[in-house]
Each structure stands twice: as C-alpha cells, then as structure tokens.
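Visitor: Listed here are the chains, written in short residue letters.
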Amino acid sequence: MSLKGKAYIVGAYEHPTRNAPDKSVPQLHAESARGALADAGLSFADVDGYFCAGDAPGFGGLSMAEYFGIRPKHIDSTETGGSAPLVHVSHAAQAIAAGKCRVALVTLAGRPRQPPLSRVAVSMESPDFQFEGPYALGGQPNQYALAASRHMYEFGTTSEQMAWIKVAASHHAQWNEHAYLRDVVTVEEVLASPMVADPLRRMDCCVVTDGGGAVVVAHPDVARSLKRPKVKIIGAAEAVKTVDAGKIDLTYSGAAWSGPRAFAEAGVTQADIKYVSIYDSFTITVLMTLEDLGFCAKGEGGRFVMDGNLISGVGRLPFNTDGGGLCNNHPSNRGGITKIIEAVRQLRGEAHPKVQVANCDIALAHGTGGSLGARMGSATLILERE
Amino acid sequence: MSETKAVGDWPRPVSPPIVSPESKPFWEACKTGKLLYKHCGACGEPHYYPRTHCPFCYAAETEWREASGRGVIYAFTVVRRAPTGPYAIAYVELEEGPRMVTNIVRCDFDALRIGQAVRLVFQPCAGDTDAVAPMFEPA
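Line by line, the protein sequences are chains A and B. For the first sequence, the numbering used here assigns the number 651 to the initial residue and increments by one for each residue that follows. For the second sequence, the numbering used here assigns the number 2 to the initial residue and increments by one for each residue that follows.
No lab work stands behind these hints: they were computed from the structure. Don't be surprised by glycine CBs; every beta carbon is placed ideally from N, CA and C. Errors might be hidden in some of the hints.
[Claimed, not checked] If you only want the chain A side, here are some residues facing chain B, beta carbon under 8 Å, derived:
1. Leu712
2. Gln780
3. Pro784
4. Ala906
5. Pro910
6. Ala914
[To be verified] With the C-beta cut set under 7 Å, the calculated list includes, among others, these residues of chain B facing chain A:
7. Pro14
8. Pro18
9. Ser24
10. Tyr50
11. Ser69
12. Val73
13. Phe77
14. Arg81
15. Pro99
16. Asn104
17. Val106
18. Ile115
19. Val122
20. Val133
[Said to hold, decoys possible] Stretches of chain B that chain A covers, calculated by requiring three or more beta carbons in the stretch to come under 8 Å of a beta carbon on chain A:
21. 39-49
22. 52-64
23. 82-93
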C-alpha cells in the first residue's frame, strides 16, 4: 500500500530554548507538543496516536501519555536514534491509513546541556557492546570520523569540501534568531577549529542543545478541516544498516536504501526536490547522505557541496535553512524533528524570508541515527505542498 | 572509580569486556593470546563479532577459528580530546576477512594510514580483572 496522500503534517513546532536548566524533559516534550498542536489548530484532546523514541523518559510512550493526560488508540516508540521522528511520521501515516488513529503526535525533547538526573547505562546484554566496550568508541564524533576517514581514502574527499557544509549552514543560521550559533563562518575558520577526532574538527560537529520539537500528522479529512497550509506526505521509507558481521562498508549510509524507496513511492525524482533537510550531526553526514540520496554520484559529494551549492539563493540545492544541527539546534542530541519542521516551514512559505526557497512545492527530509555507515537507522520523507 | 593499571605507553584505562555465556570463549581465549572469530561450516563465511548463528546463511551453529593476528587498517580516527590523551580507534580488516573494531596502540598517531599493516597485541584491562583486550600495533 502506498502512503502517498494518506496523511498530512498539519502542525509543527520547534521549541525556542537551547538551554533549559529550569525545565524537565517531560515538560519540554509537553511544551513542544502544545506548540505543534496550537500550530495545527488542535489540542491534546484531539490526539489519538502518540509517537516518541528513547529521549522520552520512562516506559516507552506510556509515561508521556500519562504526563500529557491523553488516551491514545495507537502508540509507537520505535528507536532509531536521531532518525526516529522521521520514522514516526511514516509510521503515523501508516497507522492513519490503516484507520488506527486520526491525529498523531510526534515529540522529541531533551536537555543534554544539563547534568543528568540519572544515567542509564548501555544494556550489558547488547551483543555489539560486548565487543566494542574496551575500545572506547565514545562519543559520536569518533564513529563518524571513521566513516569520514574511509570516504576521504576512497574518493579523495577533503576537509575543505566538508567545511563548505558548515559554511552553508552558518549562512542560514545568521537569520534564525533562535539559532545556537549565528555567526557566519568561512572555510578557513572551519579548518582552523581544533581537531576533535581526525579528520573531524570542532566545526564539523553539530551543536549540543537542550530543547525539543513536535509535529502533528493527521488524516486528510482532519487536514482539510484546519486552516493551515496543507503539507502532504507523498513518500516515506526507512532502512537499517549494520556493521554486517565484519563486512562493513563505511562509504555509504542507509540513505542508499531508504532514498530510492521514498522516491519511488512519491513518484518524483531528485530534480523535483526544491529544498532538502539533511541530517547534519556532522559535515560528513550531509556529504554522504546527498550522494546516497542520488543528488550526485557516489564519491562526488565533496565537489557537490563546494562553493555554496547548499546555500539558499546561491546554490542549486538549498539545505537546512534553519541553520541545521551544525548551527541552529540538535535537541537531545537528535536532529530528526528539526529536519521535518524546517521542511514544513519551507513548504508553507513560512521560512525566514532571507532563506525561503521560491515556489517550494516539494521537499525532502532525511534522518540519520546511530553511527554513519555502521549501525544506523535511515529515514527519508518526501513532502508536497497542496 | 576502580583503580586503574598503568599500561605501558597506553594511558587510557581499558574497560574490561562485558562477558556473556555466548562471548565467554572469546574472552577466555584472549587470555591465552588467541584472537578468535567465527566460521560457518554451512556457507564457509567468517564473521565478527562472533555469534552462535551465522548472520549470512542463518545456519544455527558456527565454529570458532583462530585468527592469524595479521591485518590492515580499513578506517581509523585519532581521538584528540580524551582526558587521558589521544588514542586511535580503527576498523582492522583481518587476514581472514572480517573487519573488527579495535584500537591501534604503540604507534605514532600522526603516521597512521588506511591500508597500513598491523599485528595483534593484547592489552590488560583496568581494574580488578585478568581480562585482556585484542588490539593492534604497526607491523
């Protein structure tokens, strides 16, 4: 069954905070939810489907449903890291198409800038952890650096090329009053920032921010009853890529699988896409994803992103016009929800005028969770203004 | 904090492995200087990390094999900002085929390169344990 036209994104809201010492994580989820529902012209009382991932504290979605005071008929806490909200939108559309719910709420929130109230260890039973724990894989920069090192080796990708991605994000962030980093940076400044994990420098890495966001997915009848511009889901696909029991190939991501499925469902091609939200935990994440989604040939990502090609009004493929995870926001160390939100803004014509893409009728949002090219979840959404 | 052992020129305390009934033979073999991987008698494919069933042909049982300890670096990074000083994480492609996550030790971090030949060494783990972890150094 195709999802095309079976559901709409009717509400979207990005929490304005980037530093939340005085708020709890459930509170941030609720404030994000309230904002998205208000944006749609709906309320908590209308919600009959709820979607969240591991950033929601407690027992899957049960604890949050209780906190919100809602009684969902459909619940889904699929955990694919930063890509989870895109998976949730797809699953919400499936549930709506199947008649299981009509108004689905997706929330994401967290406060990684604050000392944790508690720390839940990685499950000791996780089969991979038993063989990776001694090697201090540590934070995500290290794991993405491994993929970057191999991409450079195989294709001649350079640090300067990766830096162009941060430069483009910074050009967009300057117009976003809520962006965590608003200064426009140059390639030289990116290359002069300290090395974190070779070959990734500090400015190749996304920001760490508190906050959250939410979107509301609804049945077409509900969408038609509301007063907001209609954003139709026309393609949605997900993929799981693993280290493949020792046959790992770090040069491509799960986007190579989710992308073609989403394009096929939507019945559009790369040339039809006016704007892209590309998960940007790191610069290399964007470079590899653009290749895997077919916006350029494999290995050509470095050349594709150069010279401002991703800057709105300058290049061929405007991306992350909110400033992305690299400059604006990466709440709870997960950028998925903000990718959807900025795509919705673009399709509604509600992005900042300095970055709004003209005649933006079809947009793509892509999420990446886990470790690039290794153990990861990829999700692609293609959305159309109606 | 558990007490940490000084480990030669390798300042980062190595976390001892979490050992399950399934992985125990692997970690016990490490203590005797052997790096094991899994081989599938049904399809002939080697795999790593080791598991009971074959992830390629789904045979229910697989057998342990000992690796030669020779390999090449498939991908690596030098973590520059760790509190205990820089260290290198890598995928090493074993001579037998599988690529495994590991650390590269006793090396000039700035001279590491993809394709470089490396050989197996074992590093003691930190704390009250006799566990050792398989790592690699330039060959």
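Visitor: A separate judgement is required for each hint: does it hold in the structure or not?
Guide: Results of checking the hints against the structure:
With a cut of 8 Å, the hint placing Leu712(A) at the interface with chain B is violated, because the nearest CB-to-CB distance is about 28 Å. At about 5 Å, the closest approach between the beta carbon of Gln780(A) and any beta carbon in chain B falls short of 8 Å, and the interface hint on this residue holds. Residue-level restraint check for Pro784(A) holds (minimum Cβ-Cβ distance to chain B is 4 Å; threshold 8 Å). Hint status for Ala906(A): violated, given a least beta-carbon distance of 18 Å to chain B, over 8 Å.
Taking 8 Å as the C-beta contact cut-off toward chain B, the hint placing Pro910(A) at the interface is violated, the least distance being around 24 Å. Of the supplied interface hints, the one on Ala914(A) is violated, with its beta-carbon coming no nearer than about 28 Å to a beta-carbon of chain B, more than 8 Å. Because the closest C-beta pair between Pro14(B) and chain A is about 9 Å apart, greater than 7 Å, the hint is violated. Of the supplied interface hints, the one on Pro18(B) holds, with its beta-carbon coming within about 6 Å of a beta-carbon of chain A, less than 7 Å.
For Ser24(B), the shortest C-beta to C-beta distance to chain A is roughly 5 Å, which falls under 7 Å, so the interface hint holds. Nearest Cβ of chain A to the Cβ of Tyr50(B): about 4 Å, under the 7 Å cut. The hint holds. Violation of the interface hint for Ser69(B) is found here, the shortest Cβ-Cβ separation to chain A being roughly 15 Å, above the 7 Å cut-off. The interface hint given for Val73(B) is violated, since its Cβ lies 12 Å from the closest Cβ of chain A, which is over the 7 Å cut-off.
Because the closest C-beta pair between Phe77(B) and chain A is about 6 Å apart, less than 7 Å, the hint holds. About 5 Å separates the beta-carbon of Arg81(B) from the nearest beta-carbon of chain A, less than 7 Å, and the hint is met. This hint holds: Pro99(B) has a C-beta 3 Å from the nearest C-beta of chain A, less than the 7 Å allowed. Interface hint at Asn104(B): satisfied, since its Cβ lies 5 Å from the closest Cβ of chain A, which is below the 7 Å cut-off.
Proximity of Val106(B) to chain A is violated relative to the hint, the smallest CB-CB distance being about 11 Å (cut-off 7 Å). At a threshold of 7 Å, the smallest CB-CB gap from Ile115(B) to chain A is about 4 Å, leaving the interface hint in force. Annotation: interface hint on Val122(B) violated; nearest CB of chain A at approximately 13 Å, more than 7 Å. For Val133(B), the suggested interface contact is broken, since its CB lies about 9 Å from the closest CB of chain A, more than 7 Å.
Coverage of a stretch by a chain is defined here by at least three residues with a beta carbon nearer than 8 Å to that chain's beta carbons; for the segment 39-49 of chain B and chain A the count is 3, and the condition holds. By the rule of at least three residues with a Cβ nearer than 8 Å to a Cβ of chain A, the coverage given for the segment 52-64 of chain B holds, with 3 such residues. Here the segment 82-93 of chain B counts 6 residues with a CB under 8 Å from a CB of chain A, which clears the bar of 3, and the coverage holds.
Comparing the model with each earlier hint shows violations of hints 1, 4, 5, 6, 7, 11, 12, 17, 19 and 20; every other hint is respected.
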